Every structure is written in structure tokens, then in C-alpha cells.
Amino acid sequence: MTRFVVDSYAWVEYFKGSEKGRKAKDFLEGNIHEIYTNIVTLSEVISVTKRQGLDFVSAMEIVLGISQIYGIDIAFSKEAGELHADIKKEIKNIGLADIFVLLTARKLGAKILTGDPHFKNFKEAVMI
0 MTRFVVDSYA WVEYFKGSEK GRKAKDFLEG NIHEIYTNIV TLSEVISVTK
50 RQGLDFVSAM EIVLGISQIY GIDIAFSKEA GELHADIKKE IKNIGLADIF
100 VLLTARKLGA KILTGDPHFK NFKEAVMI
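Quick note on numbering that gives the first Met the number 0: the sequence shown kicks off at 0 and runs consecutively.
Computed list of lysine-lysine pairs in BS3-like fashion (alpha-carbon distance at most 27 Å, straight line):
(1) K106 with K22
(2) K119 with K22
(3) K19 with K119
(4) K19 with K122
(5) K119 with K15
(6) K110 with K91
(7) K22 with K122
(8) K19 with K91
(9) K19 with K106
Keep in mind that the hints were calculated from the coordinates and are not lab data. From a predicted model like this one, the values you see are computed outputs, not experimental measurements.
Modelling step: build the complete structure from the supplied sequences, incorporating the hints.
Right under this line is the structure:
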């Protein structure tokens, strides 16, 4: 069973039912994989789905039902900040939330389920 950390890009496409969302569905449904979502990603999913006029309450409930939430603490936040500073030298517009996903995947020995081009050169990324 493979572990996946799902980023907001993959979750939003899943909720929209897009072609990429259907690819994400293959990973998310059926209890084939261990699915994780960083707590910061949950906030991002709620924000994006609400702004796009989707049912953000249902989206949140689905994320909570399908995935395990990965919480953070001060040590994780420090490590994420340092990693963000380092990676931002190469990928100028990478967001801090992306780094939370990347670091979560590294901590769990997991892959990242995403369509976000910021992740395309990371070995952890599985692009939808």
C-alpha cells in the first residue's frame, strides 16, 4: 500500500470532477492507498472551493473522510520555513503551503498526488 500526501490542486480537481480530478479519484477511492492531507492543505482546499462556489463544507467532510490529517508543530514549522527558504532560491514562486505538502511527504515516506507544476521536478511527485 503506497502512502500519498494529497495537495490542494489534486483535491480541488477531484471536487470539480475534471479530467485531472478523475485521475486523482483513482488514487483516492477504494482504500488502495494510505491517503494523508496536511492541515494547512485542508485550509487551502476550503478557501479555494468556497471561492469557486463549490460546497466547501462537503469538500472538507470528504477530505476528512478519505484522508488522515497530518498536523504540525513548532519543529515542523521551523523545518518548513528553512526548506522554503532553500527551495525558493530555485523555484521563485513556490508557496509555503507547497512546502508543507513536500515536508509532510518526506516525513511519511510518501508520494505527493498533485498537478501543481511546482512539484514536477521532485521525486516524490505523482502528477495527475
